[in-house]
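**Q** Here is what each chain is made of, one letter per residue.
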Amino acid sequence: MDFGILSVIIFLPMFVAFSLLLLPVSSKITRNIAFMTAIVILLLAGMVYYNFELTGYMQFREHHSWISSYGINYSLGIDGLSLIILMLIATLIPCAYLWLWDGRTKGYWVSMLLIQTGITGTLFSQDLILFYFFWEAMLLPVFMIIGMFGTGNRVFSTIKITVYTIMGSLFMLICILYLGVAFFYEFGSWSFALNDLIQITTLSRAEQIWLFAGFMLAFAIKIPLFPFHTWLLETYSNSPTGGVFLLSSIMAKLGVYGIVRFVMPLFPELYKEFAPYFVWIGIFGLLYFGIAALMQINIKKMFAYSSASHLGFIVTGIFSLNAYGMTGAAYLIIAHAMATGGLFLLIGKLEYDLGIKSILALGGIAKKAPLFTVFFAIMLLCIVGLPGTNGFVSEFLIILGTFGFSQSAGIVSALTVLVAASFMFWLFQRAILQDNGNDVSQMKDLNLREVLGMLPLIFLIIGMGVYPDWFFYKIEPTIQHYLIDILEIRT
Amino acid sequence: MIDSLLAYITLAMILFSIGFLGVVSRKNIFVIYMSIELMLNAINLIFVSLGRYYESMQPQVIAMIIIAIAAAEAAVFLSLIVVLYRRKKSLNSDIFTILSQKDSHE
Amino acid sequence: MQTPDITYLLPLFFVGVGAILLMILSTFKNINIKKGAIASLVFLTLAIVSNIYNLNTLGDIYSVYPFSDVFNNMIVVDTYASYFSTILILGGILTILIGLHYFQRRKEFTVEFFSLLLFSVFGMMLLVHANELITAFIALEIASISLYIMIGFEKVIDKRIEASYKYLVLGSLAGVFFLLGSSFIYGATGTTSIGEIGIFVSNNIDSNMSLIILGGTMILITFLFKIAAFPFQNWAIDVYDGASLPVTAFMAATFKAAVFGFILRLVLVDFDLIRDFWDDMFVYIIIFTLAYGSFLAIIQKSLKRMLVSSSIVHTGYLLIAFVSIGVIGENAASSIIFYLVAYFLSALGAFGLIAYISSEDQLRITYDDFRGFSHIRPYMAAMLSVFMLSLAGIPSTIGFIGKFYIFTGAIESGNEILAIVGITATFVSVYYYFKLIAVMYFYRSPEMTDVPPLKGIAPLVIAVIALMIIWGGIGNTLIAYFPGVDFLIDMAKLSYKSLFIL
Amino acid sequence: MSNFLLAWIVLIPFISSFIIGVMYLYSIKVARVPNFVFSLFGLSAPLLSFLLGFSFFLQMIGNDEIFLYKAYRWLEIDGYDIDMGFMADKLSIFMVLFITFVGWLIHIYASGYMKDDKGYGKFFFYFNFFLASMLLLVLGHGPIIMFMGWEGVGFSSYLLISYYYEDGENVKAGNKAFIANRVGDFGFIVAMVTMFYYAGSNGFDFLNLKESLLSVPVPVLTFIGFSLFVGAIGKSAQIPLFVWLPDAMAGPTPVSALIHAATMVTAGVYMVARFHFLYDLIPHVGLFIAYVGAISALFAAIIATKQTDIKKILAYSTMSQLGYMFIAVGLGGYSVGIFHVFTHAFFKALLFMGAGAVIVALHHEQNIFKMGGMKKKTPLVYFTMLIATLAISGIPPFAGFFSKDEILLTAFSSGEYLLWIIGVFTAILTAYYMFRLLFVVFYGKNYKEDKKLHFLPKSMTTPLVILAIGSILAGFIGIPELLGGENLIGSWLGNWKNSSLHVTHSTEIILMVINIFAALLGIFIAYKKFYMYDMKEVPIFTGIVWNKFYIDEIYDTLIVHKIKQLSIFISYKIDVHFIDKIVMGLSRGFIRSGHYIAKMQNANTRFYAFTMLIGISVISTYLIMVLR
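Chains as they are written, first to last, in the working numbering: chain W, 1 to 491; chain D, 492 to 597; chain B, 598 to 1099; chain P, 1100 to 1727.
Source of the hints: derived by calculation from the structure; they are not laboratory data. Glycine included, each C-beta is placed from N, C-alpha and C at the ideal position.
SDA-like cross-link-like pairs, simulated, lysine to any residue; straight-line CA separation at most 20 Å:
(1) W:K368 - P:R1131
(2) P:K1169 - W:V466
(3) P:K1169 - W:D469
(4) P:K1271 - W:I359
(5) P:K1663 - W:L360
(6) B:K756 - D:L582
Among chain P residues calculated to face chain W with C-beta under 7 Å, some are:
(7) D1177
(8) N1274
(9) V1292
(10) K1663
Here are the simulated distance ranges between beta carbons:
(11) P:R1727 - B:I802: 13 to 23 Å
(12) W:Q442 - P:F1554: 33 to 43 Å
(13) W:F459 - P:D1215: 32 to 42 Å
(14) D:M555 - B:Y976: 52 to 62 Å
Chain W with its partners taken away, still in its complex shape (with noise of 0.2 Å):
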């Protein structure tokens, strides 16, 4: 793999995008040259995956330097976490995409293509600035796919997301260069590697504190948690469908990701101090978002609400501090984008059918759809955390991790399997299943090709269920090198 195949993945994308932004061709071609693109990209992802050696540490290192001067560089590597959420992205983006075939523009395919790009970047990157710099720059295409493509009241709520969003990882930005002036201080010489910087000994305990929250801060709006999360209720709703998928399903995520990635190598000893804080306050976003979610009548809202309380149940699971907390929290991630990434895609359909958002409007779907309703199920389901789906797992080894924490938070945290099974079941029985009397004659059952976009989501989420060791055994030896080698936890 000495081509650079990460360099490829991150930037075929973006490559084709502007491209086909410059080219005269139609949305149809750019459609179609997008799909091959994940394709493509799903299949170097698998190569990656293939070669993937069973070690914690970074893997597929690529290194050049970019401005040597601040001793950035251009510094990329995968371990197992980052492998597993790359997996997930090649592996969504064609099914969404299948999803989305019909009736979107060139602008926003290549937006697609461009956010894919930023995130796979985030995900690879090494170099705090490097990260950064994706961090920020996912974020204008989908500044741009939500504002354009968007409903309702969306740009105001596009502006709300990036005010909001970007304000975090501005006070983040701070916090990468204050560490990097700290090694500098330290070493005498720049370097914003991380590698690099969690060698940093001269930092005071304040200063850790302040920049520990200032990491935080970035991700706890992306993620986002309680009490950052209203941008999400007006841009989930207002989201197309692409737009809110990656959202819900990869962005999110990555908040997650950077806590581990970033957060706990820079400051282990704060991670583990304030590990009490964040699982309960992940804990309770579990129950508020979840408790929260039980009224909505906009049906995006509630899974905006949902997959809110899912995050709040993930960022318990690496707060953890044991083995069995963080893998779950690594399954969940996975878990919880397929189900509710299918979930935004099954919606984005009901809306792109019948043109509506309420629950009180629907109803009666089962009959008319039958195939749609067996897909919806399946992902609420696994949203549910039912055994047999890959949401069981990892639910059930967050439980466990968080028992193992802390007993209280523990016996608390597994309320999880009540709270989303409430307002799931009512929302399929209100919008879903029940004849409401409301005109639904609109929609159409899915076709071959979405069926064909939704099947290997519905087959990873009950074979990681079933099966979950065979999807395991990548992950784990990075997350014992977290725990022993990071956090030096002796589990």
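Position chains D, B and P against the provided structure of chain W, taking the given hints into account.
**A** Structure of chains D, B and P alone, referenced to chain W:
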């Protein structure tokens, strides 16, 4: 020697302050311009007295140069005053406020 | 020394002579705007070529006093000055290229305008070359007086004249302080030469410095006025708003650079040892500048006024680096230089593009006028977005790298508070910059459809600027040995070093 | 080794349900698939599983071998393995046998009952899925695998209850069942997690846990026991989580027969029995379980006396019988409890199927007071129902007598006389409400004979007969020694703590007689009140009992409504009017202050000069202060 220098400089500063206050308080553009000239001349006075103090020609030259620059400024100023008067038929500084935030706002 | 002294002065010479020649040429009837523009471009190009020749052939860093018997060391030619001159001349060239369409459309513009522009560039160049306070003042006045006239050039429009008047009164008022400061410094040291003041300061550091500090403060007041920092910022919005767009672009992009060029030299060479006195003052000035600029920018409806208000914010950023000089002179100074380049490109591009768009009419003024703009002019909208992103400091633009340097420098020198305030201002700026992008892209049907088509040199130049901005943000990982971010920052550091070789 | 066949016991119904599901989708989307294809798969799967289970049963006779099959490593974290494993010991094989057998019969019955339903294929898809989950629950070798089946059962019951999904009420009932079950699952998960932490290090399956739990401190064990029991409560519809069971009657009648008779609801009992090694260590929790069971039994029986819906009566009777089972397992009489599970499977399935037959015959009429005289019209149904009613009432020699007797004996011999009294009293009530049903439906005269009876196919009547035979004979595998029999089930399931041996024979006889009298007393009251029942109008009931003690309403107002209010409070009050107000307020405030500050931008040159003057003054003052 130093006492007389201080006296000159004090005088210059008084002139300078008068000039500044003139810019702030007088409405007539002409008077505003004259106030600025007054300030410049106050500085000339400082330089000239410094030249005397250091017994150097350099400040004198500087003073000459300042006078020249003031003249250049005067040219622009006077022509501008003509244009201003032509448009508003007034030389009240306070009526030239179309660029205010309020106007552009509404 | 093999190189004849005149080589060093060639850039200044070309611009100065060009200005005078154009003034003469303008009396001829058959010289129209286009020819005048070409002539001025020729002079500026000659100047920039000779400047780059200097930079290239005279080695990495150099510092000479050409014709020292004539000028008595009043003019210095060093890497630093040449670097700034390049920026300034480039500013002149780009302004002419971008504004050409605009100038041709407006009847009021005549060939004299180019002469004035060249005079202004000449004044600014002289300012960065100046090694003496009175020379600097003369240079400042050359540049300013040309600008006063350029602003009021379209004398049929009330706004222009009012802006010109305002700038003239307040500019002269501020200029007087420069002289006052010079007189104090002369009174204390008996010299107005920059190097000699520095020597005096370092020799008498133990004695009372209050007169020098007072004089320095007065000079800094002029400096703060010219760059529109907090207590002296009111004029900026009105004047920039009142000026015609190419002039605004020229002023915003170049004048700030020239003033910084001089004041950096003054502070670094002369006041290096006594600069601590001003640090606290600057912290407050910066905070207020950033806040004031942000507050004003966020409420603007007119695009031009927004850009101008935000230029106050950018002044604040530059001042952050200015304060940071205390601890890490080299990095902070080079970050100022880099940021000036970044801001120069972004502002010139933004103002220039808006100038081009509104060269046909005066209609597109407010945000709302740009609704759905991307649907009729996608390329222009894309370019305008690039400029906005760069101004907002979003990664992948040069603006980000600039901010990166500034904030790194601030943290490095221990001014975390300033970094946080700066970041907050950046975050606010995202709102008003992104609003334009949102307006351009997110509304489906444009309300106005009359836009000049993409023709002529101006759009091309603007596109090149946009590409430079992106290139400056991405850097040189892709193509080796092609000047990128590293090149710019290295140059900035070299020019910093050239200040201290004597 | 043929141990891998254990997995196939579960897999066969799974595969069959999958095939049926795909075929069903194919059938509705592309081309119609005939019903017999569905029946073929649907009916053969339980039979095959039964035969496989039977082969294991045969291998087990006479030895204590435990069959263990670890299919693959399910999960390995931090050095701990969790396997996907199946375990067949005597208890689970016993369960497999009657689950598959009764399940098979119900399948046959359903193939007749559902004949005209459009979702025929879907029904069998759900049904087989349910069966597979149940088998997984029973055969899982550790708590996690068991939990998978446990949840699968809950979900498929949701599917089956909300089978007629167009009507929101049915789906609501399904939701209720699922959520109530989930409350139980919460307990189960908590218990599982706790167990994993305290005793999971040697392997997280029943065989290892049996050893590891011995070293766990008692308070923790108590906690685990309670939590597990919460799971059992949810699944087995005991107080306070029973509310879903009556509503669950919204599903088709075979569903009620399958879920609420033989299988799902007994999962809780099975679970307690499966964890006997745990409950043996904490008898005080066992006692608690027994009391919950007893109260549930009584409570349900009381409610059942006033119900009018034939299926709801049966539902409450199920709950009541489950209470009996919990009395037994709570007191350590695991084999007794399982025995009652076994007999109950037969007669309760029979009752439901009989009721279903009546319902079908009367064109889906469920109110018993609109029925009557069915004895003559459907004699076969009458006879089978009579057998089942006698069995549930505890009249010898029918199945229910033996098991119930043993339960009461266990209660008495354990010294828990209160439990015993409740049990006996419940027995009276049981006999009463069951015969009330029987009399009203089969002897009553309420039914207006304006409609022709619906034809009952063979596929529906044959299982009735088989189950009737079962209801008569099932009890004979556990004839007490007193009557000269051998407690086959007791010896099969092993030497569990069984305190019933400590009473004298005379006591045993007295108890038995009391039981019989209790049953007869109930029958007598019912006879007095309802024999040849004749009432022109359908009676309208009121009162606290008929309204099921308003439990649903109490839950609604105390929990459901409060949570909904909380949800609205959170999402609209806190989020929109507090947090977002702050967020937006900050930005709006910023803009507003911008407007104020812009007043400085008044374009007055002299004012600008004045601000400069002030600025210079401030700077000068500052400098003077610094220089001083």
